[in-house]
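Number of protein chains: 2
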Amino acid sequence: MNKLLCLLLALIPSYLYSQSAFTVVPLGVKGGLDESNLSSYMVAPAGSNDYVCLDAGTVYMGIQRAVDAGIFHLPVSMVLRQHIKGYLISHPHLDHLAGLIINSPDDTAKTIYGMPNTLKVLEEKYFTWAGWANFGDKGEAPVLKKYHYAALEAGKEIPLTGTTMTVTAFPLSHGEPYQSTAFLIRNGEAYLLYLGDTGADTIEHAGRLAALWQTAGPLIKTGKLKAIFIETSFPNSQPEKTLFGHLTPRLLMGELNKLASVAGTKALYNFPIVITHRKPSGNQEAVIKKELEANNPPHVKLIFPRQGSRLEF
Amino acid sequence: MNKLLCLLLALIPSYLYSQSAFTVVPLGVKGGLDESNLSSYMVAPAGSNDYVCLDAGTVYMGIQRAVDAGIFHLPVSMVLRQHIKGYLISHPHLDHLAGLIINSPDDTAKTIYGMPNTLKVLEEKYFTWAGWANFGDKGEAPVLKKYHYAALEAGKEIPLTGTTMTVTAFPLSHGEPYQSTAFLIRNGEAYLLYLGDTGADTIEHAGRLAALWQTAGPLIKTGKLKAIFIETSFPNSQPEKTLFGHLTPRLLMGELNKLASVAGTKALYNFPIVITHRKPSGNQEAVIKKELEANNPPHVKLIFPRQGSRLEF
Chain A
4 MNKLLCLLLA
14 LIPSYLYSQS
24 AFTVVPLGVK
34 GGLDESNLSS
44 YMVAPAGSND
54 YVCLDAGTVY
64 MGIQRAVDAG
74 IFHLPVSMVL
84 RQHIKGYLIS
94 HPHLDHLAGL
104 IINSPDDTAK
114 TIYGMPNTLK
124 VLEEKYFTWA
134 GWANFGDKGE
144 APVLKKYHYA
154 ALEAGKEIPL
164 TGTTMTVTAF
174 PLSHGEPYQS
184 TAFLIRNGEA
194 YLLYLGDTGA
204 DTIEHAGRLA
214 ALWQTAGPLI
224 KTGKLKAIFI
234 ETSFPNSQPE
244 KTLFGHLTPR
254 LLMGELNKLA
264 SVAGTKALYN
274 FPIVITHRKP
284 SGNQEAVIKK
294 ELEANNPPHV
304 KLIFPRQGSR
314 LEF
Chain B
4 MNKLLCLLLA
14 LIPSYLYSQS
24 AFTVVPLGVK
34 GGLDESNLSS
44 YMVAPAGSND
54 YVCLDAGTVY
64 MGIQRAVDAG
74 IFHLPVSMVL
84 RQHIKGYLIS
94 HPHLDHLAGL
104 IINSPDDTAK
114 TIYGMPNTLK
124 VLEEKYFTWA
134 GWANFGDKGE
144 APVLKKYHYA
154 ALEAGKEIPL
164 TGTTMTVTAF
174 PLSHGEPYQS
184 TAFLIRNGEA
194 YLLYLGDTGA
204 DTIEHAGRLA
214 ALWQTAGPLI
224 KTGKLKAIFI
234 ETSFPNSQPE
244 KTLFGHLTPR
254 LLMGELNKLA
264 SVAGTKALYN
274 FPIVITHRKP
284 SGNQEAVIKK
294 ELEANNPPHV
304 KLIFPRQGSR
314 LEF
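For the record, the sequence lines run as chains A and B. When you read off a place in the first sequence, starting at 1, and then add 3, the result is the number in my numbering. When you read off a place in the second sequence, starting at 1, and then add 3, the result is the number in my numbering.
With the rest of the complex left out, here is chain A (with noise of 0.2 Å):
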């Protein structure tokens, strides 16, 4: 009998009797340079399949990897124009785009969300049609309308249209005066906090940071935010005035510091904290990661991701 137990819940899906309220499927974990693993994260509430894309550097290999796992059992192109219901991008650059952009042409009609600097660059350079094709609903005629742009508002909740999730966006310095965005999911009483590229507040002196861990220490506390998306993209040995707006293990365990202060100490101990962007010169990926573990004051929990993958939260 008991063995028959066993075998009744190795068959039934995680999600049924875990605790995780979100899925996240990493589509690039890497801080540029190698074209098939730049920043994109799939998010879900957990057992559902209406994902949003947070950033879209890749895209199509990223999910060819998580398809050749057996996460998902669609071909490629089903999972990017059925699963995907929207893109929420921290900001223009190329590494955090480029995969929206490129598949572009097969995709389905979807919603882009974005602060409005961002939103401008996707409409003036991107989606040109000296430069690709006019698929968004503003900008260059003919305006192709595949995808239509949401202006996201500092601190003002939205839902994610074609899911069940809510975005709230809180501005990142990210070298000024270049600006990045931090995505707060909700799904029910379940949040996750998503950091595009950001500097320090230390070496920005815009205390953008500080403001962001003001609203996520409390969610903390009482247990309602699951993990934290944030890039550590140097390691220690990158001189400040080559950071461009970049964090360090040093610099993000700053940074956590300042935020057990707001959480508390004991509430922020093996909390997840997924790092994002180390930036794959030489053996940096290793370095930042050996550096990291070395040094982690808050004894937050530390999860390196995979492509390709599957995380609960």
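Keep in mind the hints are simulated off the structure, nothing from the lab. Among these hints, one or two may not hold up.
Chain copies aren't distinguished; within one or between two, either way the pair holds.
[As the list claims (entries may be wrong)] Taking lysine-lysine and the DSSO-like style, the derived pairs with C-alpha atoms no more than 30 Å apart in a straight line are:
1) Lys304 to Lys149
2) Lys141 to Lys244
3) Lys244 to Lys149
4) Lys224 to Lys141
5) Lys244 to Lys88
6) Lys292 to Lys261
7) Lys149 to Lys123
8) Lys123 to Lys148
9) Lys148 to Lys304
10) Lys244 to Lys148
11) Lys227 to Lys244
12) Lys148 to Lys227
13) Lys292 to Lys123
14) Lys113 to Lys261
15) Lys113 to Lys244
16) Lys244 to Lys269
17) Lys227 to Lys292
18) Lys159 to Lys141
19) Lys159 to Lys88
20) Lys293 to Lys123
21) Lys141 to Lys123
Using the hints provided, position chain B relative to the given structure of chain A.
Same frame as chain A, now just chain B:
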């Protein structure tokens, strides 16, 4: 003694005793969608490491695969920085230049060759401060001058800096009025011809391919032209109104028949035609290959390039 001779011959690099004039390493071979494998071909005189890239859709991942295959014995970044002396961009669609942009922060100073319309899009849309950084030597200040823009003029031969090769550009029609480019590469008395995306003259009504065959034909007849790289994006079933300036197997063979009438059918027999830019939707790649092999009236040698391999011509 015979055994020893065989052993010695096996140890001599192929270029020392073969007739080959050019080495080509495909960095990406697909016609869109898959960010890990978009149009780009490194070409150098046989025996030299002074390559240029013909288009640059995928760069890093293509070099990575070539390194994995033992073709280069350097880290990816060193191949990028040292072996690639310049980029020739056929037209400014993102699937032909994304790899160049994404790798630009880690690249060394080199030249980008293109027709004025291509360079204009690079300058105004991609190498801008709103979308990326201006690594060009023209356009929005501050101008970082990593890349020198070299404007090509139709029919005029110019040297490719850092190599012993030259290039002559020929305009192509890619869905009128959209323009693309063919590059005729010369090293000494040997030639290689690479066409960017192109429609058929029968569809485009511009006579661009007929004009190109007037140059290519005599070079085939005299044995100087070693190979032609040309696209076949869609299978024969693609409706004419959705060709978007691309070729099908039937349209390609129609054009090669016209080339045969200039070059002579004998000269074209077994002549290497490298098929680029098959669009990977559904099973299209396999269908295109099958249709080409099933109907090859000029009996050309059809070559389907693989990413990260080495081709000798």
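List, from low to high, the hint numbers that the structure doesn't satisfy. 1, 4, 9, 11, 12, 13, 14, 16 and 20
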